[in-house]
Structures are given as structure tokens and as C-alpha cells.
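Participant: If you're matching them up, the sequences are chains A and B in order. Adding 3 to a residue's 1-based position in the first sequence gives its number in the working numbering. Adding 23 to a residue's 1-based position in the second sequence gives its number in the working numbering.
Be aware that a few hints might be false.
Claimed, not checked - In silico DMTMM-like pairs for lysine to aspartate or glutamate, Cα to Cα no more than 20 Å straight-line: (1) LYS210(B) / GLU137(A); (2) LYS174(A) / GLU94(A); (3) LYS150(A) / GLU91(A); (4) LYS174(A) / GLU137(A); (5) LYS210(B) / GLU136(A); (6) LYS210(B) / GLU55(B).
Hints listed in this document are in silico derivations from the structure and should not be mistaken for laboratory results.
What follows is the residue order along each chain.
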Amino acid sequence: MSLLDIQNITLKFGGLVAVDNVSLAVEKGEVFALVGPNGAGKSTIFNLISRFYDPVAGTIRFDGHDLLQNAADQVPGFGIARTFQNIELFEQATVLQNLLVGRHRHRQTGLLSNIVFSPKAYREEVRHREAVEEVIDFLNLQPYRDKMIGGLPYGVRKVVELGRALASEPKLLLLDEPASGLSVEETQDMAFWIEDIQTQMGISVMMVEHDMGLVSAVSDRVMALSDGKELAMGIATEVQSHPAVIEAYLGTGEVSKTGTSRA
Amino acid sequence: MDFLQLIISGLANGCVYGLIALGFVLIYKATEAVNFAQGDFMMLGAFVCIGFTNHEYMGLNFWLAVPLSILVMGAFGYLFNWGILRHMFGQSQTSIVILTIAMGFIIRFFAGATWSHEPTSLETPYAGQELRPGGLVLGVDEVLIVVVTAILTLVFYLFFSRTRIGLAMQAASQNQLAAYYMGIPVKRIHSLVWGLSGMVAAVAGVLFASKGAIDPSTGLLGIKAFAAAAIGGFGSLPGALLGGLIIGLVEPLAARYGPPGVSQIAPYAILLLILIFRPGGIFSQTQRKKV
């Protein structure tokens, strides 16, 4: 059975069909990429999985659970973590604190035992700190460990957000444009990390990305979307050379011949 | 000695202002709403405790009545958000502010109708008792206010820095979207914060009513507490307490050493100065935006 199984999902905003009858499945251990022009519905699919929107039709199952029966704050509990296109961090907290919030779903000790800092709470705290330090080592975040998010450069924030998602030890990681705004070197680092996340940590990854270099380098399967519909599906090179995909990105030849296209 | 005496009674008043300001800040930090009924919450908490304790009402044991009133006010705050405010999620701040002002009027009317419009005192087992350490004469009620506020501050500090739910409240106040996707139920957290600030209001009310008579209009004290919160920096818990203490201390000192009438103006004069020279408050938490 697939880890994430989306069947015939549809979402409408008023008259606009943002996602039109899309089905896809992410298998355990794979890197699955969603590509397509702006407004194709890629991030919207992420927001559907995160339960930010209610679909008008379709089902979303994850690891044996019906996600549509659960609220947004319950989704992380099943083992889904995500990053955001526009970086959503806790700005007035340090890198370390942000990563520790990622451990929220694993915290079990009660109010009183936390306040008096009982041996059980102490042991739990040590465990969470260890898990977070591993992530900090993995992503080379040591220099920024105790810095406030507010003062960090964009590229570092991007990595911190990835780190916070990893700290929650997810089964599925949703990355919304992990390379946008990153330099060439930073994008390369990102590619290595995604590979390690897949092979060493055994976490499945689903990502939305425009950088086809990164997509071809790391993904096992790629789905291209346009206007909320599936255009093509397969390995990166197949999808990139698919006529419908080329048409969606560049427009049809006919239009430019008639001279109505400004391009 | 006279000066020390003034300081102690100022501290006691300041603690009450600080506790009400704490209620303002808790709600503002977590939900970005300002509860203009916070002073009335305090008054209601005091009357609930009077209703439980005083012999003309239920006549319960004081030490039983206090935790009961705290629970009642906690439930009141929680239900106020759960039943009313939650359904205004996403509305403009103005509508929420107006709603809390209206709520203040309702609470004042309710308290007057249920208990009394006349000044009423809480019957405490320690009423009129005094401590006399080294020539000072301290009312037990005043000492208790300072001690309870100090303990409450410590508990709040531990709550927000160590507990899962306290940390979740901090996270939700900084970024609601991100908090959701860390598995934090933001709307329930909001209700809990309202419950918490109801409980703080009850403590402030009990302390205040054990020191002197209260009536339904006592809630207007909330305006001074609002000034205290603004002086401290509206998003800061230690700032709220400090702001309360400053106002509490300035009032009796201005009354004793200043010309008549100054003590009533002094808190707002300080607020004005702070807003001119340090608009974010003493513990300003706003950061200058980077360009």
C-alpha cells in the first residue's frame, strides 16, 4: 500500500477549479516531485494534504488514516511535516528553540512533571535535545544554533525550516519550493540533503519545485500539473520532454504563428 | 519609616494592577486581541468569591472559596472565547475590541444585579491583622498580595518556559500557521489562554477585595492596568508586572509628596512619556524591520 494515497481530489474556489480530479500516490522511500507553471495547483495540493482546505470531492489516505477526518493540527501527529514557500518560522525565537517546537508531537510528560522538572521530564528533555542536535549537525546549523531567526539570512532560514520539519521525525516530508531564492551552492546542498533524507533517514519526500535541475537530480517520479489537471507522470526526463508539458510552459506553436502571442 | 510604609502599600496596589495587566498581555500575545473587559473580569472574580465566602451569601470557607472562584473564572474565560469570540475568528480587531467593551458593561450590570451596587468587602480570615517587623506596620492583606504575585510570577515563568502547553502558547502567539503544522491546536490554545487570564483576573480580584471594598464599577481600574501594560511593552509578561508596580508606586508617592490631584494624573503622565520616548514600552519586543 502507498504511504500517501490521493484519489480523484477536486477543490474549487468559487468558479475556479484549483485542483481538478487529481489522483497520485507517494510510495514509501521515494522522492516525488510536483512541477508545473505558477497557479497549476501544486501548493494547493500540499495545502489539501495539510488540511488547510477541504476538497469538494476525493479522498486522501496516509499510512492507513483517512486525513479528511482529521483537523490540521492532527496531521503532524500521523508523521507528516512540511515547509512553506514563504518560510513560516517563529521569528522571535532562536534556531534551537524553533527546532525544539518541531518535537512538540513527541512530548509526553504532563504539566506538573514539567513544572517541577521531574526525572521523567528531565530524561524526556535530554532525548529531545539529542534529536535536535542531530538535526543541527546534519544540516550544519551549529554557527546559528543560538541566533534569533529575525536576524538570519534567507538561505539559512530555509534550512532552519527544513530542520524543524526533520526534528519532528516525519514519515513524509512535504517541501514547498525548497530551492526558491537559494544560490547555486545552497541548491546543491539542498539536493544532497534531500538524497540523505531519503536514503539514510528513510523519509519519503514530496516536493513542489520549479528548478528542474534539482527535480531531475533527486526525484524518483515527477508529476506535471497545469490548471489543476495532471499533464504527465513519470521519471523527470520523460515528463520534461512530454509535449503537453512543453506546451503548458511555452504555449502552443499555433498561437505564435497567428501573431496574437506577445512572446 | 513613613516612606517605607508608602512603598509597601504602593507595591501591593501595583501587584494588583500588574496582575490585571498580565491578563491583558496574555490575551494580546496569544490572540492579538485586546480584552477591554479585563478589569471587569477582575471585578467579577472578586464578586464570585464574595458570593461564595460572605455570610450573607453562601458563607463557604474562605480557603475553599478562593480556588472555587479561580476555577469559575477560568471556565468563564474559556467559555467566553469558545462560545463567542471563536466565531469571530478573522473579523477585524475593532469588532473584537467593541465586543469586549460591551462584555464589560454586561458584567458590571450582572454583578450589580446579582450581588450589590454598594461597596462590599470580601470577608477574609486575615482581615485587619497586622505584621510588625522592626517598627513597620504591615497589613497581612498587603503582604499577601506581594507574596502571591511573586509566586504567581514564578509559576507563570515555569509554565511558559517548561511545559508543553505553555510552549505551545508561545509558539501560537508567534506564528499561528506554523504552530498548526507543528500539531498545535491553535483555537483550543486561544480558549485556554482566555481561561488562564480569567484565572489571573480572579486572583487579582480576590486580592483587591480583601484589601478594601469593591463595587461593580471597580472594573474601571482596568484602564490603569491597561496603561501599566502599555508602559511595560504590550507583549511582555515581565513588562506588565513592572508597569503595574511603577504605577502602583507612583500613585501614593505623588499623593504624599506632590501637589493635590497629581496622583490621579501621574500614571497617565508616565504612559505619555513612555509612548513618546520609547513607543514599544520598557520591554519592547518589536524588532525593527530589516530592509
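Participant: Hints first: check each against the structure and report whether it holds.
Facilitator: So, going through the hints one by one against the coordinates:
Taken as a hint, the LYS210(B) and GLU137(A) pair is broken in the structure, with Cα atoms around 32 Å apart against an allowance of 20 Å. Our distance criterion of 20 Å between C-alpha atoms is broken by LYS174(A) and GLU94(A), whose separation comes to about 26 Å. The hinted pair formed by LYS150(A) and GLU91(A) meets the criterion: a straight-line CA distance of about 17 Å does not exceed 20 Å. Taking the CA atoms of LYS174(A) and GLU137(A), the gap is about 17 Å. The hint holds against a cut of 20 Å.
For the proposed pair LYS210(B) and GLU136(A), the alpha carbon gap of about 31 Å is over 20 Å, so the pair is violated. Note on LYS210(B) and GLU55(B): the hinted pairing holds, with a Cα-Cα distance of about 13 Å set against a maximum of 20 Å.
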